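Those sequence lines, one after another, are chains C and Y. The first sequence begins at 1 in my numbering and counts up by one. The second sequence begins at 1 in my numbering and counts up by one.
No wet-lab data here; the hints were simulated from the structure. Here the structure is a predicted model, which is why all the values come from computation and not from measurement. Do not rely on the hints blindly, as some may be mistaken.
List time: in silico EDC-like cross-link candidates among lysine to aspartate or glutamate, alpha-carbon distance up to 20 Å [said to hold, decoys possible]:
no., chain 1, residue 1, chain 2, residue 2
1, C, Lys452, Y, Glu148
2, C, Lys476, Y, Glu148
3, C, Lys474, Y, Glu175
4, C, Lys32, C, Glu165
5, C, Lys84, C, Glu121
6, C, Lys281, Y, Glu242
So the chains spell out like this:
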Amino acid sequence: MYDVIIIGAGIVGSSIAREISKYNLKVIVVDKDLDLASGTTKANSAIVHAGFDAKPGTFKGELNAKGNFMFEKLSKELDFPFKKNGSLVLCFNENDKKKLELLKEQGEINGVPGLEILTGEDTRKMEPSISENVVAALLAPSGGIVCPYEMTIALAENAFTNGVEFKLGSKVNDIKKINNGYSLLLNDDEVIESKVIINAAGLYSDVINNFVSDEKFNIIPRKGEYCLFDKSAGNLVKKTIFQLPTKAGKGVLVTPTVDGNLLIGPNSVNIEDKEDLDTTKEGLDYIIDKAKLSIKNIPTRQIITSFSGLRASNKNGDFIIGEVKDSPGFINAASIDSPGLTSAPAIADVVASIVKGILKATSKENFIRERKGIVKFRELSNKERNALIKSNPEYGRIVCRCEVITEGEIKDSIRRPLGAKTIDGVKKRTRAGMGRCQAGFCTSRVLDILSKELNIPVTKVTKFGKNSNLLIGKNKENL
Amino acid sequence: MKDIDIVIIGGGPAGLAASIAAKDEGIENILILEREAQLGGILNQCIHNGFGLHTFKEELTGPEYASRFIDKVNEHKIPYVLNTTVLEITKDKIITAVNEDGIIELRAKAIILAMGCRERPRGAINIPGSRCAGILTAGAAQKFVNIEGYMPGKEVVILGSGDIGLIMARRMTFEGANVKAVVELLPYSSGLKRNVVQCLDDYNIPLKLSHTIINIKGKDRLEGVVISKVDENKQPIKGTEELISCDTLLLSVGLVPENELSQNAGVNLSPVTGGAIVNESLETNIEGVFACGNVLHVHDLVDNVSLESSNAGRCAASYVKDDKRSGEYIKVSGVQGVRYTVPALINSSKVNNSTTIRFRVGEVFKENYVSLYFDHTRVIHIKKKILSPGEMEELKVTKVLLNKYSNCKEITIKIEKE
Chain C
1 MYDVIIIGAG IVGSSIAREI SKYNLKVIVV DKDLDLASGT TKANSAIVHA
51 GFDAKPGTFK GELNAKGNFM FEKLSKELDF PFKKNGSLVL CFNENDKKKL
101 ELLKEQGEIN GVPGLEILTG EDTRKMEPSI SENVVAALLA PSGGIVCPYE
151 MTIALAENAF TNGVEFKLGS KVNDIKKINN GYSLLLNDDE VIESKVIINA
201 AGLYSDVINN FVSDEKFNII PRKGEYCLFD KSAGNLVKKT IFQLPTKAGK
251 GVLVTPTVDG NLLIGPNSVN IEDKEDLDTT KEGLDYIIDK AKLSIKNIPT
301 RQIITSFSGL RASNKNGDFI IGEVKDSPGF INAASIDSPG LTSAPAIADV
351 VASIVKGILK ATSKENFIRE RKGIVKFREL SNKERNALIK SNPEYGRIVC
401 RCEVITEGEI KDSIRRPLGA KTIDGVKKRT RAGMGRCQAG FCTSRVLDIL
451 SKELNIPVTK VTKFGKNSNL LIGKNKENL
Chain Y
1 MKDIDIVIIG GGPAGLAASI AAKDEGIENI LILEREAQLG GILNQCIHNG
51 FGLHTFKEEL TGPEYASRFI DKVNEHKIPY VLNTTVLEIT KDKIITAVNE
101 DGIIELRAKA IILAMGCRER PRGAINIPGS RCAGILTAGA AQKFVNIEGY
151 MPGKEVVILG SGDIGLIMAR RMTFEGANVK AVVELLPYSS GLKRNVVQCL
201 DDYNIPLKLS HTIINIKGKD RLEGVVISKV DENKQPIKGT EELISCDTLL
251 LSVGLVPENE LSQNAGVNLS PVTGGAIVNE SLETNIEGVF ACGNVLHVHD
301 LVDNVSLESS NAGRCAASYV KDDKRSGEYI KVSGVQGVRY TVPALINSSK
351 VNNSTTIRFR VGEVFKENYV SLYFDHTRVI HIKKKILSPG EMEELKVTKV
401 LLNKYSNCKE ITIKIEKE
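One chain only, chain Y, in its complex shape (with noise of 0.2 Å):
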């Protein structure tokens, strides 16, 4: 059994940062674990630019990104194991991972949970029809196409509009594919404004909004999939069934936080989010575990996971340092449109100039304002000309403010009219 200060669990984005963060601080004793036969992450099949504008004020691809942590990492010697998978966290803080060498045990004083997640099936929205072959989720095309350099199918139907699907209709119709039609349930597009317009406005590539998939056909291979369009409950409306022929449906259907360590070890997780439950510091209910990333809820700006991460990398290295938790929380909850926030509890002794509370609306808002409440003391009021679910966003709370109302009990953000 190894003593290691910080054990990461991932070497994406979230670890990457974290462990930079860490060492910043100070802590040596950090070991990142790794899957994969390299770092990066899901960045490593990302080639796609539009990543760093916030970090690096430049357009980078997802490969470049990662490498810029990847050579810090490596500057600073931090140590990390590749084709290394954890088998199990227990809530003592004990890790079991394999890798060819054999079984590794480690006691950590401080883990930081960034897994990321997975795509959900076709299973999790139950698609009747054919198993055929032809039908996967959209990431797992991206590293086909990406990484392998083979294409999945030719005539492409994807369903969901979120940026992986967005993304991967550009980069079908790129490799020579026919992408026919993207799919998608709700009235609108889940992912990133730019991506509908430079993946499919600019290709052409039909978006058909609220519209869903009933039926697949295909016998060996798939043939063709049925779309209908649905009502306001998301209900197929009858007479509305297209058959649309392809030889690939692409599903873009959802990310899932993979927590199944996290759950084992006894680590609270939010039903809105599929992650981790935590502080200010990013720490989950296990003292000295802490989550980030998009295990912790899934983003849209890698850049917000490195912010995010590094915060994290600075907590679990002032909780090693010695600074147990203790003091009152202020519970922050989302109402009223605004469907989770992250953090749900804020400890303001832990708060050094301001802490950032990121947070999602479960609707679309148009020249709505966007309101922060001290109990029943609103204290932020922005005007924001429109708020999507595909876009997270977030809210300063500066110290100064948790000084004024150092009483208070609960902080709620809500959308509001006026």
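Okay, chain C solo, but in the shape it has when bound (with noise of 0.2 Å):
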């Protein structure tokens, strides 16, 4: 039996994985997917927001300052990529800046730093290519950028590395109330107990909280689109390039990603299919219709690709976070929408707290805190480059051009704990097939190296598990 079964691996999950992972406890993470942040996750602004548009009073409110101040020592720790680059919300009609204001004070309840209203003339003194119909703007400059995906990866690892169990492809079909704890249903014939149940389930966190509880929940998909330019538009703007908020959300933003792409989005659209990832010709036109209102001259024929993500939302607008008071060990971290991966680290410090009053969980002595990446070759000085390739030449063949990515970085992707078994696995963890040439060049070669590594024929290797896979079988099977 389990102390903790958690289930989710995305940041949510992940975050709090690591977090326990600090207690002497038995420890195991389910997600259905065959990779770790595998839904929300892997598609969103990647925004780690100041959290001056959260509610006082609410969990949104009271989590997103707090996560947001968590980043720089866990990016140093976990070694993932993060920037502190700073926000601003663009006011464009004289009568909106007492919007501006609000959000001004609203930030200053939540505890963020350094709020500032500044005129048009000064923004676009800070950020040249913003619109001249800008009349004022607020400067967060609190706001920062990460990479949700690699951030997630960080986290599982080390939760892996201090006695955290990870079962992937493993979905959760039936829980039920057993004596000291519940009993769960994975996949067809499975079944694991644990006395304690943390629900990190996203788009269907209300599935596994319906399983158990009467406080019912539902979630409601709502799809946000994107569009990824190349990296030489990377510099268009430094900060992040907000609207003014509406009820649908924080609005269309422009804004550079931690890795050097320029990001636009997203959108706004409930949906009923929780699966449906499509992006859409009217969502995409309005995205980039938005983003012109705020920046002059977006590069449009610089777009290298979109996608869409969907937020797990509910009709009350919060976090869904605690103890339910009909099933006692069930814990949820549910409904996570923005400002989810902000409030994460945050949100698994009251989770941790929780889980260690119920089980009276002890610290572990030998807890490590540190976890290196994969390494950048492509962040590497010549020196350094010539030093690894030396122990061992595989750093010294590079596959994926665009990016810079050696066969070196994508072996150990797929070696490490916790490692890719698929394209996308191997492309969440080094980058290949992100660039300009959106993976033509590379894919030969990483399918080879994944069947290779993982001792499976190339008709095998799948671009995300179940059947995406990439090959259908050797020439003239099908004559």
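Join the two chains, each given in its own frame, into one complex according to the hints.
What follows is the structure, given as structure tokens:
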């Protein structure tokens, strides 16, 4: 029997896993997908919000700024990229200036530091590509950008190093209350039991909760579409550029990514199907039009890809966090939509406290705080590169030309604990395939490496698991 | 840091021809840097024939054409390194590259850019829909089929009737796939006429002109694409949507010269071609840096690549032998139907017998004239039955003409009705 089962290996589940791996507990994380960070975590704005847009007195209001402050330390301990580039909320109308003031006040209540209202002129001095129509802006220096899936993988790897088990490709199909805890049915016939369950199942956190509790809730999937631009457009803005938020959400932003691309989006559309990640013409047109309001000259010819993500929203608009009253030992960290990524470290603290209380957990003496990521050849000096290649010549073979990713890095991404099993898994961990040619050149080599490392035929290598095979057979097999 | 007279970046048809020409001019200290495990470039995966009609008066396959040049490179003992990727070129002609022996730093007297081009991905045209498996560029599919021996799918739709798309339509059919349609945005195919006939017509593969793909459907693997007819502004016409079920979508939607290294070095690029702006010696704005082949402008015939690149090799050799640039430039431009010219500048003192101006038109012209003007004087006026964007054209300008019009400031090439 486990002490804790965490359902969901996204940013929330992995943050919680890392936090409770500090205790002497038997913990396992399960996720229906074949890889970490396969849900909302891999498709969002990747913003570490300052916290002015969260309502005081809500979980969001309480945990946004708190989470924000934890990124600097976490990113150093766990070796994932994070940049505190600052945010600007643009105002296009004199009449809307009071809305900026209200945001500033709200931010100050939430503990957000350094908030300042700038004139249109000063805003454009700071960011020359901002539209002439901007009359004022709210500057939030504590806003940042991060790579959400690299962060998730870093958290999970560290949790694993500290003893947490992971069972991926395992869908929770039922949960039953048993004597001293809960019994989970995984897939068709595997059963695991635990004293405590943590529900970090994102889009499916309603399904998980509703297996067990009579306090039912409903997740409303809300789609957001994005366009990603070539790194040559990455310097268009330095700060994350927002427009004044509306009821639908934070609006379309224009931001550099932590890896140097430019990102615009998202729109906000409620849908029914939790698996519908299709982008739409209307959505993509909408975000480009909106982005053009903030920035003169959006270089649409430099778009390299588009994608969409689904927010796990609910009708009350706040996170659902806490031990469920009618199900002791069942803790929700559910319906974590924006600012979920930012709040994740703070959510982990809250949940870990609850777990500690329930299980009377004691702290590990030998907790390993630090985790080293995959070495980034592209960021090394020539001297360091030479040393690396000397130790392993595979670091001298470039596989992904656009992003300058070596064979050594790709093999590491597969071989390390919780390593990649798919093309997308390699992509998430190394960035191979994220460049301007969008995997045109490197796919055949990555496929080959996966096949050899995992000892599977090339026809069994998939993009992201299930039926997403890349190759269907040998030549002439279908003649 | 090693000193090399001529560093050639890319060992495909352009780099190979350039290296041989430079060697023939007496330059010994040459080094070809190639990132793949063998020389030959993209030709290695072009196993269909049709290469070399002009150069060798034979119809060779891509690898056969490449091997003619590779054999010469070996005979001439021209040095090359494989599995070596260039990371950086500076405007001082310092090159940093890497392979499994470590970082390589070279100081070159002359550099010949011969990096070829890459394919535009789905994102470049932003097709909405699913991001399932089964969507790839035609060239990536060609590599799987021709080099690895594996099929990326069996029910295929191809977007784009450029040569790569046409060739792959036939290729996939040969290997047992059912190619259901080639979808083309324009009202005409942008590939060679002979490819439309030999790859589509001969196999009854429907060519859907003036159509585009507006949606992609599939969960894990592609299940179908929605196509739509487009109007004269290339916008989808409501009501003409059609779902074609398929498990594979090949994209042949354009080639982009790979000039990231060039751009970072400070080479000026043409916004029309995506390649460097060069003079009659195929030299860029950086002295001693030359460009040829697909990295300069996308070619249709490898024979022209070889001709152009041999020229670049000769000019680079001249440069190394201390023949620096001097003299006035005549501007060369394409207007009125002509999208671009290569070169964009001519220094007539550098022209020996004649110089070739290569160009492409922006639309299809029938029974029109290709005219060349020295300032306002029309000097060349040739009737052409058909001109199309898919077929590169060329004009030769002789030294005699350049001398006759020695005061000329601008050469203009245009398409005229009369």
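Against the structure, the hints:
1. Only pairs whose Cα atoms come within 20 Å are accepted, and Lys452 (chain C) paired with Glu148 (chain Y) is accepted, the gap being roughly 14 Å.
2. For the proposed pair Lys476 (chain C) and Glu148 (chain Y), the alpha carbon gap of about 13 Å is at most 20 Å, so the pair holds.
3. Restraint check for Lys474 (chain C) and Glu175 (chain Y): the C-alpha separation of about 9 Å stays at or below 20 Å, so the hint holds.
4. Our distance criterion of 20 Å between C-alpha atoms is met by Lys32 (chain C) and Glu165 (chain C), whose separation comes to about 15 Å.
5. For the hint linking Lys84 (chain C) to Glu121 (chain C), the alpha-carbon distance of about 23 Å lies beyond 20 Å, and the restraint is violated.
6. Pair hint Lys281 (chain C) plus Glu242 (chain Y) holds up; C-alpha atoms about 16 Å apart against a cutoff of 20 Å.
The structure is inconsistent with hint 5 alone, although it conforms to all the rest.
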